[in-house]
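Novice: In case you want the letters, here they are:
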Amino acid sequence: MTIANPRDTGVQRLPFDLARIRRDFPILKREIAPGVPLVYLDNAATSQKPVQVIAELTRFYRDHNANIHRGVHTLSVESTELYEAARAKVARFINAPKTEEIIFTRNTTESLNLVAHAWARKFLHEGDEVVISEIEHHSNIVPWQMLRDARGIVLRYIPMLPDGTLDLDAARKIIGPRTKLLSITAMSNALGTIVPLEVLVPLAKAQGAVVMVDGAQSVPHLPVDVQALDIDFLAFSAHKMLGPTGIGILWGKMALLDAMDPFLGGGDMILTVSMERSTWADVPAKFEAGTPNVADAIAFGTAIDYLDALGMDAVREHERDITDYALRRLADVPGVSIFGPMDADLRGGVISFELEGVHPHDIGQVLDTHGVAIRTGHHCAQPVMLALNVPATARASFYLYNTTDEVDKLATSLEEVTRFFGGAR
Amino acid sequence: MSDGLMEDLYREIILDHYRQPRNRHAIESPSCSADGSNPLCGDQVTVSVVVDGDRITEVGFSGQGCSISQASASMMTEYVRGRTVAEARAGVDAFQQMMTTGTVAGLEGFDDIDALVGVAKFPARVKCASLAWKTLEQALNEGVVPVTTPVTTDERNSNG
Chain A
479 MTIANPRDTG
489 VQRLPFDLAR
499 IRRDFPILKR
509 EIAPGVPLVY
519 LDNAATSQKP
529 VQVIAELTRF
539 YRDHNANIHR
549 GVHTLSVEST
559 ELYEAARAKV
569 ARFINAPKTE
579 EIIFTRNTTE
589 SLNLVAHAWA
599 RKFLHEGDEV
609 VISEIEHHSN
619 IVPWQMLRDA
629 RGIVLRYIPM
639 LPDGTLDLDA
649 ARKIIGPRTK
659 LLSITAMSNA
669 LGTIVPLEVL
679 VPLAKAQGAV
689 VMVDGAQSVP
699 HLPVDVQALD
709 IDFLAFSAHK
719 MLGPTGIGIL
729 WGKMALLDAM
739 DPFLGGGDMI
749 LTVSMERSTW
759 ADVPAKFEAG
769 TPNVADAIAF
779 GTAIDYLDAL
789 GMDAVREHER
799 DITDYALRRL
809 ADVPGVSIFG
819 PMDADLRGGV
829 ISFELEGVHP
839 HDIGQVLDTH
849 GVAIRTGHHC
859 AQPVMLALNV
869 PATARASFYL
879 YNTTDEVDKL
889 ATSLEEVTRF
899 FGGAR
Chain B
666 MSDGLMEDLY
676 REIILDHYRQ
686 PRNRHAIESP
696 SCSADGSNPL
706 CGDQVTVSVV
716 VDGDRITEVG
726 FSGQGCSISQ
736 ASASMMTEYV
746 RGRTVAEARA
756 GVDAFQQMMT
766 TGTVAGLEGF
776 DDIDALVGVA
786 KFPARVKCAS
796 LAWKTLEQAL
806 NEGVVPVTTP
816 VTTDERNSNG
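Those sequence lines, one after another, are chains A and B. When we follow the working numbering, the leftmost residue of the first sequence carries the number 479, and every step to the right adds one. When we follow the working numbering, the leftmost residue of the second sequence carries the number 666, and every step to the right adds one.
The shape of chain A in the complex, shown without the other chains (with noise of 0.2 Å):
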C-alpha cells in the first residue's frame, strides 16, 4: 500500500510491510522470561526505537561529534549541518512555513512551560483568560496554575463528557473576548480522545485569541500540518515518535517567537553581551541556550526520515485498524470497562479501561508475567480520572509495529488475570 500524500518532498515511500517494521526493531525481539515474549503496549509513555535511530546516534558520536555553532573546524560544521538539518526535517514533517520557527527542547512539557513564561508572562495581564481542557495532561495545567497564581490571569476549562470527548456547547460559551489563549491537547493521553481542532481552533480565532496546540499524543500519531490546522504554537516531544528521549520540540508562528522574550539565558542564545547588557540572537538561537542535545536532535531527524518513509497517513490507518479491532476484542473479554470513545475514529491508539474486582496495578503486574507491558494509574491526567470517578485506570497503548495478535495476547492474558482474582470484591 502506497500512500500519497500532498506535502510529499520527494521522500521514497515504503509499503506498510508490519513484518518487516517490526524486524526494525530489535527489542521486539526480546523476551521478558524464557520463553515469554514481550508485548508492549506502552507507546503513550514511550516509543520504541528502531535500528536506524540507535544506529544514528552511535554513527554521530563515532563520526562527527563536536559543538556546534562554533568552530570553524571540520567537526563542527559537520555537527552543526546534521543539527540544523534534523530542524529541517522536523519543519516539513508539521509543514512549518520556516525551518527557524522549530526550536529544539528537551521534552513536550518545557515547550509549553517555555511558552508559559516567554510568551505568556510578558503578554498575558491579570484578568485575561487562559482556556484549557479538562482531559489535559498535568504539563498543560500546572505551568497555567502557576502563571494563575503569579499573573492573575484566569484559567477555565471546557469539560469533559461521560463519554469522553468535549463539551463543545460548553467550549462556546467558555471561549469568549477575554480569551487570550486557548492551550488544548490534541488527543488525549489517558483517553486517546482526538480532540476536534477543526472545531475550537475557530472559536478562539474569532476571539483573537492565540493557540497552542499540546500535541504530545497527535504528533507521532496523526499526519499534523500546522498551517492547515491554523495554530500558534505546537509542543511534542521525540521520544513518542521513535526518537530518544531528552528531545522536545516548540514551534510558534516567527511573529510570536519574534516577540517573545528569552527563556533561559546563557551561551548561543546571545548576540552581544557586555558587562552592563545583553542583545539577543535571532530565533531560534533565542530559545536554545547552552550547548544542546545534539546527538538525540540528529537521531530524532532519523526517526522522521523513517515515519516520512512509511507516511503518516499509513501510520494512522493501521493504528486506527488495530483500535478498531482492540476495542471490539477487548469488550468480548467478561468483566472489562473500556472508557473513552467507542469509535476508533474518534481516538487514537490509546485505550483506558477496567477489570471488574481487580485493581490497575495488579492487573499491570500479572500482565507483565505475560510479557504485556500496559502502564497502570492516573496517567498525569488526575481530572480525567476524577470525572470518571476511577482512582486509576489501565491503559493500553499502540504504535505502528503493533499486531492485532498481540492484541488478542492482552485480551487472553486480561482473562488470566480474572481467573486469578476470581472472587475477589
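Any given hint could be a false lead.
[To be verified] With a straight-line cut-off of 30 Å between C-alpha atoms, the simulated BS3-like cross-links for lysine-lysine are:
| id | chain 1 | residue 1 | chain 2 | residue 2 |
| --- | --- | --- | --- | --- |
| 1 | A | K887 | A | K576 |
| 2 | A | K507 | B | K786 |
| 3 | A | K600 | A | K576 |
| 4 | A | K887 | B | K786 |
| 5 | A | K507 | A | K600 |
| 6 | A | K600 | A | K731 |
[Said to hold, decoys possible] Derived CB-CB ranges, DEER-like:
| id | chain 1 | residue 1 | chain 2 | residue 2 | range |
| --- | --- | --- | --- | --- | --- |
| 7 | B | V769 | A | L516 | 52 to 62 Å |
| 8 | A | G835 | B | G747 | 45 to 55 Å |
| 9 | A | E834 | B | V769 | 27 to 37 Å |
| 10 | A | R570 | B | D673 | 46 to 56 Å |
| 11 | A | L742 | B | F787 | 45 to 55 Å |
| 12 | B | G767 | A | G630 | 45 to 55 Å |
| 13 | A | L516 | B | F787 | 13 to 23 Å |
| 14 | B | D673 | A | T890 | 55 to 65 Å |
Please keep in mind that the hints were generated in silico from the structure rather than gathered at the bench. Ideal Cβ positions, reconstructed from N, Cα and C, are used throughout, including at glycine.
We have chain A already, so just place chain B on it with the hints.
Specialist: Relative to chain A, chain B alone:
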C-alpha cells in the same frame, strides 16, 4: 502465571485477605483515626482504632486499592487488635523493616504477615503494602490529617 510471581508476591494467604478482608468495617466513635493514600496508584485506606488504657480493643479499616494494599490493611488490623499501643508501634517498625530488608518480620503470633515479605522484591509495590501500617501509626499519633507515603524519584514518572 509464572511461579515466581505466585511465590513472591501473590501468595494465597494474601489473596485470601484481599478477597475476605478482616475488620473491614467502620468503628463507632473511635479513639483516633487517620486517612492514608498513595495518590500515584490510587490506593486509599482509613484506619480507626479504639484504645482502652494502653490497649487497642477495636480496629477497623475502609478504603480501596490494589490487592497488596488491602490485604496488608486486613493483616494489620488482625495483628494490632488486642495489643498494646507500644506493641502496635513495634509492629509498624517491624513491618517497615521487613519491607526494607526483605527478611521476615517474625511478628509474634501472626505468621500471615510474613507472606508479604516478597513485596520487598517489587519496589513499586512496597508503598502499597506499607500504606495501612503508616496510616495506623498516624492514627496512633492522634493525627486526623491524611498521610501520604513519600514519592520516590522513579515513581514520579510523568510520562503520559
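Novice: Hint by hint, note whether the structure agrees.
Specialist: Hint check results:
| no. | hint | in the structure |
| --- | --- | --- |
| 1 | A:K887 / A:K576 | violated, 45 Å |
| 2 | A:K507 / B:K786 | holds, 26 Å |
| 3 | A:K600 / A:K576 | holds, 24 Å |
| 4 | A:K887 / B:K786 | holds, 26 Å |
| 5 | A:K507 / A:K600 | violated, 50 Å |
| 6 | A:K600 / A:K731 | holds, 16 Å |
| 7 | B:V769 / A:L516: 52 to 62 Å | violated, 33 Å |
| 8 | A:G835 / B:G747: 45 to 55 Å | violated, 31 Å |
| 9 | A:E834 / B:V769: 27 to 37 Å | holds, 34 Å |
| 10 | A:R570 / B:D673: 46 to 56 Å | holds, 51 Å |
| 11 | A:L742 / B:F787: 45 to 55 Å | violated, 39 Å |
| 12 | B:G767 / A:G630: 45 to 55 Å | holds, 52 Å |
| 13 | A:L516 / B:F787: 13 to 23 Å | holds, 19 Å |
| 14 | B:D673 / A:T890: 55 to 65 Å | violated, 23 Å |
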